[in-house]
Amino acid sequence: MRKLPRSLRFYVAASTLYAAVVFFAVQFIYTFQLTQSGLLVAQRDSGDVLSSIQTVSFIVWLGISLIAAAVMHRLATALAGARSAEGEARIAEEQKEQELGSIFGLSAAIAGPLDLDQIGAYFVAAIRGALPADTSLALIVYDDVLEAFRTVAADGPRTAALREKNYSAADLPAVVRTRVIDHRQSLLLADDDAHADMWKKVVAELPALATAKSFAALPLVSRERLVGALLLIGEGSGDLIADKVQLPMIMGQYVAGSIHSALSVKEAEARAEREALVNRIAQRARASLDPEEILRGTVEELAKVLDVSRALVCTGATEDDLSVTYEWDSTGVAPVGLGAKHVPIARLAARLGRTVVVTDVRKDRRFTDPRAPQDLIEEDLIAAAATPIRVGGQLAGALSFSQVDRSREWTADDVRLIEAVAQELRVAITGAEAFGRQRAAVVELERLNRAKSDFVSIVSHEFRTPLTGIQGFSEMMASEDLTPDEMREYAGDINKDAHRLNRMITEMLDLDKMESGRMQLNRERLDLNAIVSDAVDRVRPNAPHHPVALRLDPLVGEMNGDRDKLTQVMANLLSNAVKYSPNGGEIVVSTRAEGGAAHVAVRDHGMGIPEAALETIFERYGRVESHATRHIQGTGLGLPIVRQIVHLHGGTVWAESNVGKGSVFHVTLPRAAAGTAVAEAAS
Amino acid sequence: MIRKLVQTALRSTSHEVHIAEDGRRCLALIGEVRPDVVFSDVMMPGMDGFDLADAMHATPGLAHIPIVFMTASVQREQIEECFRHGAAGHLAKPFTMSELRARVAQFFKS
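First to last, the protein sequences are chains U and X.
Position one of the first sequence corresponds to residue 44 (my numbering), numbered consecutively onward.
Position one of the second sequence corresponds to residue 10 (my numbering), numbered consecutively onward.
In short, the hints are calculated from the structure, not lab data.
Be aware that one or more of the hints could be misleading.
Unchecked claim - As a list, the in silico DSS-like pairs of lysine-lysine whose alpha-carbon atoms are at most 30 Å apart:
hint, chain 1, residue 1, chain 2, residue 2
1, U, Lys406, U, Lys208
2, U, Lys406, U, Lys347
3, U, Lys208, U, Lys287
4, X, Lys13, X, Lys118
5, U, Lys622, X, Lys118
6, U, Lys539, X, Lys13
This is chain U alone, in the form it adopts within the complex:
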């Protein structure tokens, strides 16, 4: 019995019980009815027959019951077997359903959300089951502004090495670059004998592959655009053969469309957000005319939004000219300083004509290369982004942001924002130029105005002194008893003062005429040496304390010029030499023939001229005003007249000086070509 199946035991027991019950029931009915009918008289005779009948029927019943039990058992077993086969079929179906479900689920899942991370998570979960359990996988999405792949999702034993990693094109193995990125083909690679060399190379370029046995990189392409790639890393060399990556490949193409949409939506959203910010910045920028204020309003705002350490606006027409014209630093960041040149990232952006981002300057080959320029102005720089600013197709400057406290992965949004604000800055920079010109014009006007009022006071002083003489002497002649000799003397004094006044007025008018181009030269052949020596002869009696040495070069010879005007030039230079060396000292006048030009130099040993004034002294009213020159009388017109006359002759005039030691005034006049030069200058 022990070996019998449990169900058979049950049927045997049941049928035996059934047989026994039926037997006793029949026995009872049989016995009772015989007794009733009185047939049971001769009990002894009929007893044997009856009991044998009873025994036989019992055995028959028992046999029937056993057969029934066996049949029942067979039936039950068959039924149970049928039931279990059905279960197995259902399990297989369920699995298929699950796979289908994962595809449908994936499609449903990725149809809904447009968040890349979510899409990545669904995708990884969906293909997970189709790959060996120890396979690591990473979904990387291409960001065309960053020019880098960003890891969106990762799974498997190597997750830690894959997650949150960005791959610039340079970071990926060369074979991935050419095969997957450029040609958009799948790459399947295993560490087997046939590919040992290539495997070694790839592992060297992609450290996450260390100790792995196979690798696959599948491009994700949607509508002609490479949106990303799926990286698979297998621990067995046969883990990633073509058959096994088929499902991931199919699903990958499926997901590519979603990634594309997600990227598009993200781009659109970011664009809208950016536009809002740019609009806000632009509004602020246009609310002001002051470029300084515009830069403050835009660059500073953007710097704060980007959370950078420093923002620089450089201006310049070439990459070498770029110099810092506006700087914003967050608190605690040392400024670079206005006017600083060679801001490296800005230079690179200007040279390439596009935005340049640097995640970590210490690890960037463009800056760590020993051949790269080492003059990094921002020594504390770690990460930076810069974009060129172009006005009318010409480089006008660059906008640069830097991070000194940490390395930074610049996002596509950061870059687009920087570019958008750079666009806005064009307005500010062009405005700044116009504003600068205007400001310079105002400063110049103010300077002229001041010079004019200075001139009025100088002239009034100069005029009043001879007027005092004229007024005083004439008053005395009118009111006092004077001898005829005294009368004559005073009349002579009055005459001298009147002449002086006249000379001053003539000088002013002459200069006006020359400056407005209305002065005509009376050209004739003349001997420059003779004019110089005449002028020296005339100054000598008025300068008893100044020995005047004359060194004439006979080769200077004749030239074409205006005798009176050149005499005036010499007289003015000589009288200045005397006036501005109040303590005496030798004055040396020399002439020299230099090619086609005659060079006249007047050297004194006077107080000298500060370097800053060497140019301005030739400007109208540009006299150096100081305590030392206060007492020196002059209209401030002598040197401007000299310059005008020399220019009319086609020559040049300049001064050299050593403060406290003396000055040299140089005049060059063309000798042969004087005629044409004069004609040009006069026209």
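Here the structure of chain U is known, so what remains is to put chain X in place on it, guided by the hints.
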């Protein structure tokens, strides 16, 4: 010219007039003759009028001598500068002879 004019204008008065051609010589002359009043131009070669005034005020026996500046400027700043340098008065060019005489007489009232 102004020197000659002043000398001539004051000739008819009873005052003794001494003339110096620049600040340095004037200072020497002042030390020598101890005048009652000094009339000086501001603009002079070498030591100018303001330097002269400062030098006089720094010299013990000369500090009390009043100095009047003759200036061609009517600009307020320069007139103010005259007084900053301790001027006792200011005479603007062109001035009349009677104005000059009246200004001189002012220092001899008592």
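Non-conforming hints, listed in increasing numerical order | 5
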